[in-house]
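Asker: Got chain D sorted already, so can you dock chain V onto it with the hints?
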Amino acid sequence: MPGDLPLAGVRVVDLGWITAGAASSTLLLDMGADVVKVEGPGAPDSFRNWDGAEPGTDWWNRSPFFNFTNRGKRALCIDLKDPRGREAVLRLLDGADVLVENFRRGVMASFGLAPAMLRERFPRLVIASISSQGETGPDRDMVSFGSTLEATAGLAALTGAGEAPVITGRDVNYPDQVVCLFAAGAIIAALLERDRTGQGAHLDLSQRELTSFLLGEEIIAAAAGAPSPRRGNRDPAEPGERLERNGEAWRVTFPGGSAPVRDGVALAAAADFLRGTAVLRSPDGTPAKGIPFRFTHRALSVTDVCHPLGADNRAVMAEAGYTEQEIAALEAAGVLATVPRGG
Amino acid sequence: MAGPAPLAGRRILDLGAFCAQRPHALAASMCARLCAGYGAKVVRPVPATGEPFARDEPLLRDGTSALDRFLNAGKQAGTATGRFDAAIGDRGALGEHAATAPVKVRISVFGPDEPDPPMTELGLAALAGLLGIVGEPMPAPPSRLAGHQVAYSAGVAACTALLAALRAGGEETADVSLLDVTAWLNWKVAAGVIVTGRAPTREAERVAWFTLPAKDGHMALVHQDKDWPNFRAVIGDPRLESDPRLATHPLRTANRAALLEVIGPWFAAHTRAEITAAMQARRVPLGPVTWPTELLEDAQYRARDFLGADGMPALPVGWDGQRLTLEAAHAG
Chain D
1 MPGDLPLAGV RVVDLGWITA GAASSTLLLD MGADVVKVEG PGAPDSFRNW DGAEPGTDWW
61 NRSPFFNFTN RGKRALCIDL KDPRGREAVL RLLDGADVLV ENFRRGVMAS FGLAPAMLRE
121 RFPRLVIASI SSQGETGPDR DMVSFGSTLE ATAGLAALTG AGEAPVITGR DVNYPDQVVC
181 LFAAGAIIAA LLERDRTGQG AHLDLSQREL TSFLLGEEII AAAAGAPSPR RGNRDPAEPG
241 ERLERNGEAW RVTFPGGSAP VRDGVALAAA ADFLRGTAVL RSPDGTPAKG IPFRFTHRAL
301 SVTDVCHPLG ADNRAVMAEA GYTEQEIAAL EAAGVLATVP RGG
Chain V
1 MAGPAPLAGR RILDLGAFCA QRPHALAASM CARLCAGYGA KVVRPVPATG EPFARDEPLL
61 RDGTSALDRF LNAGKQAGTA TGRFDAAIGD RGALGEHAAT APVKVRISVF GPDEPDPPMT
121 ELGLAALAGL LGIVGEPMPA PPSRLAGHQV AYSAGVAACT ALLAALRAGG EETADVSLLD
181 VTAWLNWKVA AGVIVTGRAP TREAERVAWF TLPAKDGHMA LVHQDKDWPN FRAVIGDPRL
241 ESDPRLATHP LRTANRAALL EVIGPWFAAH TRAEITAAMQ ARRVPLGPVT WPTELLEDAQ
301 YRARDFLGAD GMPALPVGWD GQRLTLEAAH AG
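Protein sequences, first through last, are from chains D and V.
As numbered in our numbering, residues 1 to 343 make up the first sequence, in order.
As numbered in our numbering, residues 1 to 332 make up the second sequence, in order.
Here chain D stands alone, though its shape is the one from the complex:
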């Protein structure tokens, strides 16, 4: 219908963690999908751990970065290691269109939720597995953070203003961020393909491959025997561009303009940033992960706050066909929870 958001009616089960998985699902939410974030009482999203957590409080519901990233999702807290928890997730998937996960490879299988089995059991389901290296290959189990992948994908070798290659570090972890933009698109592409063929898909999204893809011209040049050197801050296509230092401050100048090298304080105060969509506000005023584009005919916005852990247990389970008594029994058994174990 005109005015409906693009993903209205799409149901997403979100087993995404930290950024790569969780923020991909958030982008689907922002385009109209219903997203149920599933966490275990023994294994909540580790973004819930934060420096300011105070014992004796519900610290797990107060993590600024978790709440920033996961605002608006319905919250189911269920023990996937318990057969009853697994069964509930399977019932949830029966009514779902998309599953997003970025566990370490092999963890889904350890829950009895191997993608190949899910693909067979739910032929219309789009399963997005986001990982460092991909589902297959000799390095599939390699451990890494985003910055490790910058190194192994070719980005670090070509990055750096000094003698050493440079990685972005823990404040950026570029592959973890950019994969969300790509994964959300791949999932929508898979929904379009399902519209064409009736078939879901298992999408195997390697963050390392995406990082190399975004250097495609450099790999082609290398294959042709013309590899690029590390160019520092120089862009050969912008010969008039300079990075200049004035005391503590740096500035980029180029024909027709210039730009200050901002830190976070300057960015947060900048009018162009405040008018933009990179960081938005939840209805309660708390900062919320923004939306990286806008639509003219279908306004995208942050419409809901972050739900506390397990806040939607009853509603989600009822929708999956569980009776009041069954839900109460799972609560009593600790399969459903609203508090992390040890919390």
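Everything labelled a hint here was simulated from the structure, so no lab data went into it.
Just so it is clear, the structure is predicted and the values come from calculations on it, not from any experiment.
Yeah, the Cβ is synthetic: ideal placement off N, Cα and C, and Gly gets one too.
Do not rely on the hints blindly, as some may be mistaken.
What the hints assert, rightly or not - Derived list of chain D stretches under chain V, where covered just means 3 residues or more per stretch with a C-beta under 8 Å from a C-beta of chain V:
#1 165 to 173
#2 264 to 275
Stated by the list, open to error - Per label pair, the in silico range of CB-to-CB distance:
#3 D:Arg314 - V:Thr79: 52 to 60 Å
#4 V:Gln224 - D:Gly112: 28 to 36 Å
#5 D:Gly247 - V:Ala268: 32 to 40 Å
#6 D:Asp51 - V:Ala268: 33 to 41 Å
#7 V:Gln224 - D:Pro55: 18 to 26 Å
#8 V:Trp266 - D:Pro236: 32 to 40 Å
#9 D:Ala271 - V:Glu203: 21 to 29 Å
#10 V:Arg302 - D:Ala271: 25 to 33 Å
#11 V:Arg283 - D:Gly247: 43 to 51 Å
Answerer: For chain V alone, coordinates are given in the frame of chain D:
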């Protein structure tokens, strides 16, 4: 039997060659490149002056451009006439060449209702705080990410918006601001001040991850406090346990020179492969700094059929174990 092709039958107009500014042109061209990867018929008209990337670095030995080869793979030369399902460009190009396309994806510096001043990718990274947070600790200069990460990220976002608009049906214009996308990527800096009252900066006390020389190149030293006992065990130098300057993660970060004094010679004496194997065996997330030339021989990429013999990367998604195939066409 053809493989998956979610945009089969869709015609996409790539106005990257008509964008007035280079970041917009790169972003639009990347968006259209991804559409081609998803099976769309992508038409890329060029102005009378020719393909704007035709002479851009990296250059091949015959003087042609690897940038052109990469970004325009799978696209067809043609004109802006006829029916298109979607068009991608900047405000001017869309206004002039794509009045009838139901879906438009419009690239700008700041957004739909703002002026579009002269801008470069380095300028955008500077404004979004991404330039300032990357690099060796201050006072060293900041470092731009190699290649065209700012414009390409916006192109990836633009493709996601385009796919969503096609699925929604009807008329839609998606606006993609280069600044918004870059700041969105850089959210820990952008939101740090707002969320926590602190913004991370490139202070020596903060830059915990860096690269250091090994026998045959560099390694990326990436680790958390919990990895330290395993890291220490691999290196096997008692000073890593006894030196008070190295007792905690913040201390090791602040005292990088003292840390390097101990671990530097060990790294310099071992190859990247030896170090990676030893660290990964203990689940420490170090990785080798790998050059594009080396990626061509990479066992993981080979096993996954990711790179063609000419270095052309596949669309970075496995689809039920298959790669999506790009049409052999090339615009220009």
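Asker: If a hint holds in the structure, say so; if it doesn't, say that too.
Answerer: Do the hints match the structure? See the list:
{"no.": "1", "hint": "165 to 173", "verdict": "holds (count 8)"}
{"no.": "2", "hint": "264 to 275", "verdict": "holds (count 9)"}
{"no.": "3", "hint": "D:Arg314 - V:Thr79: 52 to 60 Å", "verdict": "holds (59 Å)"}
{"no.": "4", "hint": "V:Gln224 - D:Gly112: 28 to 36 Å", "verdict": "holds (30 Å)"}
{"no.": "5", "hint": "D:Gly247 - V:Ala268: 32 to 40 Å", "verdict": "holds (36 Å)"}
{"no.": "6", "hint": "D:Asp51 - V:Ala268: 33 to 41 Å", "verdict": "holds (35 Å)"}
{"no.": "7", "hint": "V:Gln224 - D:Pro55: 18 to 26 Å", "verdict": "holds (22 Å)"}
{"no.": "8", "hint": "V:Trp266 - D:Pro236: 32 to 40 Å", "verdict": "holds (38 Å)"}
{"no.": "9", "hint": "D:Ala271 - V:Glu203: 21 to 29 Å", "verdict": "holds (27 Å)"}
{"no.": "10", "hint": "V:Arg302 - D:Ala271: 25 to 33 Å", "verdict": "violated (49 Å)"}
{"no.": "11", "hint": "V:Arg283 - D:Gly247: 43 to 51 Å", "verdict": "holds (44 Å)"}
Violation of the numbered hints given earlier is confined to hint 10; every other hint is satisfied by the structure.
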